[in-house]
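Engineer: Please arrange chain B on chain R, whose structure you already have, making use of the hints.
Protein chains: 2
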Amino acid sequence: MRILITGGLGFIGSYFAEKLSNSAEQIIILDNKTGFSLSGEDILLTKPNIKIHNVDIVSSDIDEYFMNIDIVYHFAANSKISEGVNNPNIDFDITVRGTQKVLNAMKKASVNQIVFSSGSGVYGDQKETILSEDFGPLLPVSYYGASKLAAEAMISSFCGMSGFKAFIFRFANVVGMRQTHGVAYDFVNKLKIQPKTLEVLGNGMQSKSYIDVEDIFNGIELAIKKQVTNIDVYNISTQDYIDVRYIAKEVIKEMNLSDVKINYGEDSFGWVGDVPIVRFSSDKIRKMGWSNKYSSQEAIQRAIKFILSDDNS
Amino acid sequence: MRILITGGLGFIGSYFAEKLSNSAEQIIILDNKTGFSLSGEDILLTKPNIKIHNVDIVSSDIDEYFMNIDIVYHFAANSKISEGVNNPNIDFDITVRGTQKVLNAMKKASVNQIVFSSGSGVYGDQKETILSEDFGPLLPVSYYGASKLAAEAMISSFCGMSGFKAFIFRFANVVGMRQTHGVAYDFVNKLKIQPKTLEVLGNGMQSKSYIDVEDIFNGIELAIKKQVTNIDVYNISTQDYIDVRYIAKEVIKEMNLSDVKINYGEDSFGWVGDVPIVRFSSDKIRKMGWSNKYSSQEAIQRAIKFILSDDNS
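Chains as they are written, first to last, in this note's numbering: chain R, 22 to 334; chain B, 22 to 334.
So that you can see chain R by itself, here it is in the shape it has in the complex (with noise of 0.2 Å):
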């Protein structure tokens, strides 16, 4: 099997690169490196079998690298979530024509099949309601999940075009091994400059599912190996909640910090176009046979270690 991973050098996907070296022939990464993983990207460089290219896919020409692959998994997004907020450009350009550029390499070097990483920004803000994946309408609040919905439009238009088969996975607030964002990777890098006082976005009552890269690679491999039709959506999250204020208390304890003073926003979301409180229903995947492994409870407290780690940069 030779695999291509955009974003190849980020989070998740170092995540990715790292276990599929394991059988994969040759995987082959485009990564901007914006955003990457330092100590991803040093364990990659061992892999004799991983070829990492510096490579931009939005500006750069991408064709050449997509030649005799079997699958691309496309994890390239914006990893700037602070500027994108205020620039809808940026997750457009990046995630809707950066979709675009891989789509039409895709094609011409005859790849169908794709691997898609969306997210729960796709269902806008829908407040307790459970969301599975037949939900609608899909009214995105954010630039990001706009770009995410855009996205996985447009792959579904190659599947029925030009015999695509894809395999699209909303997430829940994706956290463990080599994270490079999220909120408890900023609440330590704000205690480590800082540490007797939290300031934290919002009120601190946003309530999420939080799940471990290694509960969703085992969802997207298990879907790989079942799924039957040309395209479909799976959510992968936990099914449990926590919220931020949680989180805050978690990284403190883990720190050994004392005397803390958390100071809370008033607001209920901590940016504009965040979702305080996700509901996901991931029981598509489960009667797939998946299950996580990790609670949002333990997923985040392995974060938050792995975050404190020297490995983490």
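No lab work stands behind these hints: they were computed from the structure. Just so you know, not all the hints are guaranteed correct.
Which copy? The list can't say, so a pair holds if one copy fits it or any two copies do.
[Stated by the list, open to error] In the BS3-like style, the derived pairs of lysine-lysine whose C-alpha atoms are separated by at most 30 Å in a straight line are:
1) K122 - K54
2) K129 - K211
3) K40 - K128
4) K314 - K186
All values reported here derive from a predicted model rather than from experimental measurement.
Structural biologist: Same frame as chain R, but now just chain B:
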């Protein structure tokens, strides 16, 4: 009211421009004059409160036209349907990048209301399933449908992030005065050249709702008046369906032709990406008080008469 209409010289756009000019203070039309209506332009040129700019929204700087606009009717779309079938980038570039340009221009000029013409293509190929607005997952099978869904998503995110109000309409097949493309239009033009034979794309059993442009105008204006949420999506369709064989026979009858040999294709679809059976629920807009004036049969009969009249150019 100052209104900007993208694609305002096209079939749907020119109808709206003419009707809205009766009450609007000013109408600004942006149109690149591909697949536009000559007779529509002639009429609109006589209206003192309509200003037409021959501008391509994708390649040109369009920001200046959005100053002091109250609402945008975003109708610009790929009119080269047959070319779009083979090249994903035509629809992606015009609809996706065009919508991105329009949204950015609106934001810069503090215009925050948008009407968008989406279509049944967002639903994908769902056979006999009755499609209401909350159907999911949305897996479009054509580049056209994918682009419309991507545009819906992008518009939705501007509602969440920038306080826009959006009115999204998923139309059945729109027909009527000054239509510049479509199955009846194609049949008339084929029979003008070759009156003894009619080549039909597909087996003629494709069965869909056809709705008069007058009916969609009334539906849109009603929704704009009544919608209280910052974004909503409405199907607009008749409650009956006709197939392509019926349309072929009506065209032949209206043209007073006889002994026409109709050659049907073997496929159930007219072209790759065509969805042969579309079943729409329009209950949502009906509950707001809308109903169609013309059935599918009546709408297509009127359309054929318009196409055959001297005014339809």
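Engineer: Next, verify each hint and record whether it holds.
Structural biologist: Evaluated hints:
1. In this homomeric assembly, K122 and K54 come within 30 Å of each other (Cα to Cα) both inside a single copy, at 18 Å, and across copies, at 28 Å.
2. Taking CA atoms no more than 30 Å apart as the test, K129 paired with K211 passes in neither setting, with 46 Å inside one copy and 34 Å between copies.
3. Taking identical chains as interchangeable, the C-alpha atoms of K40 and K128 lie at most 30 Å apart only when both belong to the same chain, with a minimum of 26 Å there against 44 Å between chains.
4. In the homo-oligomer, the alpha carbons of K314 and K186 lie at most 30 Å apart inside one protomer (28 Å), although the nearest pairing across protomers, at 42 Å, exceeds that limit.
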